[in-house]
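Undergrad: Residue numbers (our numbering), protein chains in the order written: chain U, 1 to 305; chain V, 1 to 305.
Please note that a few of the clues may not be correct.
Treat identical chains as interchangeable: a pair holds within one or across any two.
[Stated by the list, open to error] As a list, the in silico BS3-like pairs of lysine-lysine whose alpha-carbon atoms are at most 27 angstroms apart:
(1) Lys-104 / Lys-115
(2) Lys-47 / Lys-287
(3) Lys-154 / Lys-47
(4) Lys-131 / Lys-49
(5) Lys-49 / Lys-164
(6) Lys-104 / Lys-141
(7) Lys-141 / Lys-109
(8) Lys-287 / Lys-46
(9) Lys-131 / Lys-162
Since the hints were derived computationally from the structure, they do not count as laboratory data.
2 protein chains.
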Amino acid sequence: MDFRVTILGSGAASPSRGRNQTSQVVTSGNNCFLVDCGEAAQIQLKKYKIKLSRIDHIFISHLHGDHYLGLMGLISTMHLARRERLLTIFGPRGLDEIITVQLKHSHLKLHYPIKFVSTSQDGKRLLLDDKYLNIYSFPLKHRIPCTGFSFEEKPRMRNLIKEKIQSNKLGVDAILSLRNGLDYVNDEGNVTYRVEEYTYPPSLPRKYAFCSDTLYDEDIIPYIRDSSLLYHEATFMNRDEIRAAETCHSTAAQAATIARSAGAKQLLLGHYSSRYVDLYPLLEEAKAIFEPSILSEEGATYWME
Amino acid sequence: MDFRVTILGSGAASPSRGRNQTSQVVTSGNNCFLVDCGEAAQIQLKKYKIKLSRIDHIFISHLHGDHYLGLMGLISTMHLARRERLLTIFGPRGLDEIITVQLKHSHLKLHYPIKFVSTSQDGKRLLLDDKYLNIYSFPLKHRIPCTGFSFEEKPRMRNLIKEKIQSNKLGVDAILSLRNGLDYVNDEGNVTYRVEEYTYPPSLPRKYAFCSDTLYDEDIIPYIRDSSLLYHEATFMNRDEIRAAETCHSTAAQAATIARSAGAKQLLLGHYSSRYVDLYPLLEEAKAIFEPSILSEEGATYWME
């Protein structure tokens with residue numbers, strides 16, 4: 001099953017050096033989940049040919065402008081496209097007021113309903129039980145209430161050993177039972193087909209964890225443990241570590257330390273300060289601690305493996 | 001004196017076809033005035049190398065998102081750039097609440113003060129008495145409260161006939177008096193230098209009028225009369241005239257009719273619907289009625305003449 005993330009913005013705070021503000025699209029099968037929505041996210045979506053109509057759920061980490069200011073434009077464009085389907089927005093309390101006030105003053109009566117679900121700083125919370133994924137929020141430590149999100153694949157069904165299934169002409173009921181890990185029992189109560197004989201185990205469920213703005217915080221490790229891909233902000237380089245602490249942000253090396261401790265497979269860096277033109281030295285600082293670190297690049301897609 | 005407008009966005013409603021939402025910068029001498037501020041206006045300002053630090057006044061015509069959604073990002077970026085100078089924002093009542101609610105939820109305490117001045121639908125109002133310009137608002141008819149803005153050059157001083165000034169060795173007092181159109185009277189009360197002999201008249205004051213979103217409305221003519229350059233929205237072509245009326249917008253031909261009736265020197269078209277790929281047929285419809293019509297193009301600058 002397709003499980004990937006496309007980067008719409010990789011910059012911090014204000015757009016500069018051609019970098020846009022934080023926004024990403026996580027794709028699972030046919031569903032797209034928008035994660036943060038900095039200014040001009042809708043322009044980036046158009047640029048990278050991701051249809052608004054595929055987005056039914058938006059996740060906002062916190063209410064600094066560079067993470068949500070593109071939301072009203074997106075809501076308005078969905079209205080102009082005559083959307084009728086429910087849009088669900090997960091985000092900190094206050095985001096609903098920001099949306100409501102703007103709808104009021106623009107006299108905008110949307111063609112479609114919006115459901116707002118407020119996130120919480122209180123531990124790991126299940127936000128959405130989707131077809132292939134469970135999506136959770138977890139608390140991050142930043143200057144204002146902020147959460148990360150984890151997209152956790154549901155356990156997959158066991159894989160069939162095709163030759164054995166075909167030669168024994170198994171029925172649909174038996175196949176379904178075996179794929180779900182249950183020996184097949186016939187009407188007389190006898191075990192006819194054993195799981196171990198007819199199937200092999202599925203690959204491990206994959207996990208994408210998104211840590212938007214956060215200071216270096218080992219408390220997040222339980223939430224992001226064993227991520228297939230961990231996105232962790234890396235606003236600063238080592239030489240600006242004090243500035244990182246002052247502003248509740250992280251360095252690339254700190255992101256790498258967290259990735260290593262959490263047993264992530266890969267680390268995706270982003271939210272780069274505009275003070276850095278060349279990002280390779282920042283990447284090098286991460287790689288020195290956690291080799292499978294990569295720079296997020298706008299328009300690029302990263303698959304969960 | 002330098003008096004011009006640079007287009008940051010020429011599209012309507014939602015950004016598409018590479019067109020951004022309405023935003024313009026009017027420059028007069030060293031001062032820049034931002035007129036409307038669609039999403040991503042700050043990105044456009046950066047692209048066209050217009051410094052935020054030159055903007056002290058922002059004029060918002062109405063509270064449809066495509067005319068103001070870039071404002072919060074701009075305010076935030078000015079804060080990050082450690083602006084300390086006052087920023088004055090002119091706009092419809094409600095814009096102050098939109099800004100205040102977002103500052104509250106982002107816990108943003110700006111380094112600089114913002115003064116909000118609400119515009120009114122009640123006739124022509126002087127908003128700003130600037131060094132070279134008087135800036136007014138005037139009512140437009142749209143689906144929600146909306147104003148246009150006119151930037152009217154103050155009467156200029158008379159031009160000196162240099163040869164006569166030099167050969168007669170006129171003093172500073174005499175020159176100032178003559179430039180202001182007053183005969184110079186010496187200490188004995190005698191007229192020493194006559195205005196007509198030593199000066200010739202200044203060129204007529206120039207005027208830029210901005211009509212953002214409006215239906216075809218002849219009532220605006222008194223406000224925009226004799227504009228050196230008239231910007232008038234031209235969302236639709238003739239074939240979509242009914243749609244224009246339904247949505248309180250104008251066709252290019254209607255904009256041209258208004259320009260002709262108002263005695264404008266030039267008409268600048270904009271706010272093009274995304275349904276049109278090629279804009280030349282739209283321009284042709286305007287030109288058929290008012291020949292000096294031009295298409296506004298993003299990044300282009302138009303001088304008042």
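Undergrad: Does each hint hold? Answer for all of them.
TA: Now the hints, each set against the structure:
no., hint, result
1, Lys-104 / Lys-115, "both (17 angstroms within a copy, 22 angstroms between copies)"
2, Lys-47 / Lys-287, "neither (31 angstroms within a copy, 33 angstroms between copies)"
3, Lys-154 / Lys-47, "neither (31 angstroms within a copy, 44 angstroms between copies)"
4, Lys-131 / Lys-49, "within (24 angstroms within a copy, 47 angstroms between copies)"
5, Lys-49 / Lys-164, "neither (43 angstroms within a copy, 68 angstroms between copies)"
6, Lys-104 / Lys-141, "between (32 angstroms within a copy, 19 angstroms between copies)"
7, Lys-141 / Lys-109, "between (36 angstroms within a copy, 19 angstroms between copies)"
8, Lys-287 / Lys-46, "neither (33 angstroms within a copy, 33 angstroms between copies)"
9, Lys-131 / Lys-162, "within (25 angstroms within a copy, 83 angstroms between copies)"
Going through the hint list in order, the structure does not satisfy hints 2, 3, 5 and 8.
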